[in-house]
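Listed here are the chains, written in short residue letters.
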Amino acid sequence: AQKVTQAQTEISVVEKEDVTLDCVYETRDTTYYLFWYKQPPSGELVFLIRRNSFDEQNEISGRYSWNFQKSTSSFNFTITASQVVDSAVYFCALSSSRAGKSTFGDGTTLTVKP
Amino acid sequence: ETGVTQTPRHLVMGMTNKKSLKCEQHLGHNAMYWYKQSAKKPLELMFVYSLEERVENNSVPSRFSPECPNSSHLFLHLHTLQPEDSALYLCASSQDPGGTSTDTQYFGPGTRLTVL
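As given, the protein sequences belong to chains A and B, one line each in that order. Under our numbering, think of the first position of the first sequence as 2, with each following residue one higher. Under our numbering, think of the first position of the second sequence as 4, with each following residue one higher.
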């Protein structure tokens, strides 16, 4: 069975601080995919990134960066110089062909205060 | 319209009503999904359709009835709901024809459902 754990339920930071959202996953599959989504107050989940299990390169996109560590089964997400517009619920998800569906974490609510 | 759209955005219904939620994707995808998101609970996958065939039914009560007339449209028919069914219902689509969710899912804005 697949499992995704986002241990941080809520995080609150002040604008311009860096913040890291943790994601730890469990799977028996060797080929799998990891995702991060952002859900602002409007409700729609916005896709941020997709990585496959064979690509452990870290990725940076503007103020966002992702650290994929297979050895610790983690796929952490860092926002640099956070802004108020980053306030949202962030979901980490895992999927594989064998599982046949995505497994989402419970989400981390990030609040960035001005 | 682009992406994934859902109507209505908000719905209030009584327990004896019958209503339908509509989802439309303009991305040329092959798979469509219904999720339920209740307050303080994780996302729950309800149904998956791939190439208009249902490939996943995640032990959802029969008062929820999905319909996928073509690869661009997905409906969720509701009847005799309970107050605990109040939630945000999200539709998503993805490219993968097997509906395995390994491709990125693109979500609609959701329908906020309140059952009185």
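It is worth saying that the hints were derived from the structure and are not from the lab. It is possible that some hints are incorrect.
Rough simulated footprint, nothing fancy, chain B against chain A, three-plus residues with beta-carbon under 8 angstroms [unchecked claim]:
1) 43–49
2) 57–70
3) 89–99
Each residue gets a CB set at the ideal place from its N, CA and C atoms; glycine is no exception.
Practice item. Hints the structure violates: just list their numbers, smallest first. Key: 2
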